[in-house]
Amino acid sequence: KTRGGLDMIIKNMTFKVEQTLTVVGVIKSDPKRFAVNIGESEDRIAFHFNPRFDDSRHINIIVCNSFERGNWDQEQHEKSFPFSPGKEFKISIQFTCSKFVVTLPNGSTFCFPNRMGAEKYSVMGFHGDAVIRSIEIK
Numbered sequence: 001k002t003r004g005g006l007d008m009i010i011k012n013m014t015f016k017v018e019q020t021l022t023v024v025g026v027i028k029s030d031p032k033r034f035a036v037n038i039g040e041s042e043d044r045i046a047f048h049f050n051p052r053f054d055d056s057r058h059i060n061i062i063v064c065n066s067f068e069r070g071n072w073d074q075e076q077h078e079k080s081f082p083f084s085p086g087k088e089f090k091i092s093i094q095f096t097c098s099k100f101v102v103t104l105p106n107g108s109t110f111c112f113p114n115r116m117g118a119e120k121y122s123v124m125g126f127h128g129d130a131v132i133r134s135i136e137i138k
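Numbering (full-length UniProt numbering), first residue to last: 1 to 138.
Hints listed in this document are in silico derivations from the structure and should not be mistaken for laboratory results. Hints may contain errors.
Keeping only pairs whose Cα atoms sit at most 27 Å apart, straight-line, the calculated BS3-like set for lysine-lysine is [as the list claims (entries may be wrong)]: (1) Lys90 / Lys32; (2) Lys90 / Lys16; (3) Lys79 / Lys28; (4) Lys11 / Lys79; (5) Lys138 / Lys87; (6) Lys138 / Lys16.
Quick caveat, the model's predicted, so the values are computed rather than measured.
Taking the hints into account, I'd like the entire structure generated from these sequences.
Here it is as structure tokens:
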């Protein structure tokens, strides 16, 4: 659960193959973690993007996963961690039939498989210790 922050869920927002989602936000001071979820519903998440600053298990690592039928799938960990408390960040997520291509604030990129294989997702969730300033799909 987030500390003093409201989760934000956006529904009926169409994010289609070949489009790019750009998210700009600011990390709170003393953050534990934040997450961006993209999926078909709140309980069918195709892409869970979860930078963890310090949550007892992980320190300064990005954990990615997918969630369906009540279960998390295999985690993917990214070592690059260009996020700092109190600082603005920008991430962009490009979406193809086979994968999500994420560009981090330092310009590095990584891929995460589109395990559900859908060509559009309509639900986005933002959780945790970041304040989202803007969301753009193009």
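Can you confirm whether the C-alpha distance between Lys138 and Lys87 stays at or below 27 Å? The hint holds at about 25 Å.
Agreement of Lys11 and Lys79 with the hint, judged by alpha carbon distance not exceeding 27 Å: violated, 31 Å
With the threshold set at 27 Å, check whether the alpha-carbon distance from Lys138 to Lys16 stays at or below it. holds, 9 Å
Check the hint pairing Lys90 with Lys32 against an upper bound of 27 Å on the C-alpha distance. The hint holds at about 18 Å.
If you draw a straight line from the CA of Lys79 to the CA of Lys28, is it 27 Å or shorter? Distance ~21 Å between Lys79 and Lys28 Cα, so the pair holds.
Taking 27 Å as the top limit, are the C-alpha atoms of Lys90 and Lys16 close enough? holds, 20 Å
Against the hints set out earlier in the document, a violation occurs for number 4 only.
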